[in-house]
Amino acid sequence: MKRTKLASAVLGAAALTVSGMATAADALATIQNADKQIQQDAVKSQQKINKLYDQTQDMRFEYGQVVAETETLQHYNDYVATLVADQEARMASLQSQIDGIERTKQGVVPLMDRMIQSLDQFVALDVPFKAEEREARVERLKEIMGDSDVSTSEKYRLVLDAYQIENEYGNKMDAYEGKLTIDGKERTVDFFHLGRVVFLAQSLDQKDAWEWDNDSREWKALPDSDMRSVSNAIKMARRQAAPDLIKLPVKAAESAE
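Reading the sequence shown from the start, the letters are residues 8 to 264 in our numbering.
Everything labelled a hint here was simulated from the structure, so no lab data went into it.
For clarity, every value in this text was computed on a predicted model and none was experimentally measured.
One or more of the hints may lead you astray.
Taking lysine to aspartate or glutamate pairs in the EDC-like style, the calculated list, with each CA pair at most 20 Å apart, reads [stated by the list, open to error]:
1) Lys214 to Glu193
2) Lys162 to Glu146
3) Lys214 to Asp231
4) Lys186 to Asp212
5) Lys179 to Asp133
6) Lys254 to Asp233
7) Lys227 to Glu193
8) Lys242 to Glu218
Work the whole structure out from these sequences, hints included.
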């Protein structure tokens, strides 16, 4: 009887022990599952944090770009505003000049007419080297004065160019071939002029030569002794001979009494 009770007590204790162990295992499993869930939730939270951080960094970068672009645009706008102000000032100045063009024309056009008339008279009375070319230039100036397609400024430039060319003739030594009428007979000759001081002509065979007398407005024959000097002068003007001293016939100025 006692043994039976003891066995029952042992079995009961064993059952309680097994039951306690099962409950402890369940509790441990629950804790482990909870911890695992916590870790999983922590990983997800960290991933969200990382994603938010990356997005924040991207937004900060984009914001920095926007700020930089805004500053750049502001500087550019300030620069453009300066250019616009300068252009407006230039436009105002140009408009003022345009408004005065008509008034300027009123004075410039008559001046150009007088300049062309003076140039025409000068060429007619001057030593007649390259006469056809110079006369044609004056006639061209007369024509463009009546040409509405040529601006006033271009007309004025051409008149000044003609004066500049005439001025340069006075400092040039030049030789060219042309026609000369002597004693009613036309001959092909070499012309030579040294500024406006000397104007000569020589036949192509170098047997005859003439000097222009601007007072009498006629050609005068030169002696045979001058043939070589005239020939050398023509060669030097054409750069066919080295520059050298030459003796040329020059009319002496008349002394005032």
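Original post:
Between Lys227 and Glu193, does the CA-CA distance stay at or below 20 Å?
Top reply: 15 Å, holds
Original post:
Is it true that the CA of Lys254 sits at most 20 Å from the CA of Asp233?
Top reply: Given pair Lys254, Asp233 holds - Cα atoms ~8 Å apart, limit 20 Å.
Subject >> Pair hint outcome, Lys179 versus Asp133 [Cα-Cα no greater than 20 Å] >> reply: 15 Å, holds
**OP:** Sort out whether Asp231 lies within 20 Å of Lys214, counting only the CA atoms.
**Re:** 8 Å, holds
**OP:** For the pair we were handed, Lys186 and Asp212, check the Cα-Cα distance against 20 Å.
**Re:** Holds. Lys186 to Asp212 sits at ~14 Å (cutoff 20 Å).
Subject >> Given pair status - Glu193, Lys214, alpha carbons within 20 Å >> reply: 16 Å, holds
**OP:** Could you grab the alpha-carbon distance between Lys162 and Glu146 and see if it respects the 20 Å cut-off?
**Re:** Distance ~13 Å between Lys162 and Glu146 Cα, so the pair holds.
Original post:
Given the hinted pair Lys242 and Glu218, is their alpha-carbon gap at most 20 Å?
Top reply: 17 Å, holds
Consistency note: the structure conflicts with none of the earlier hints.
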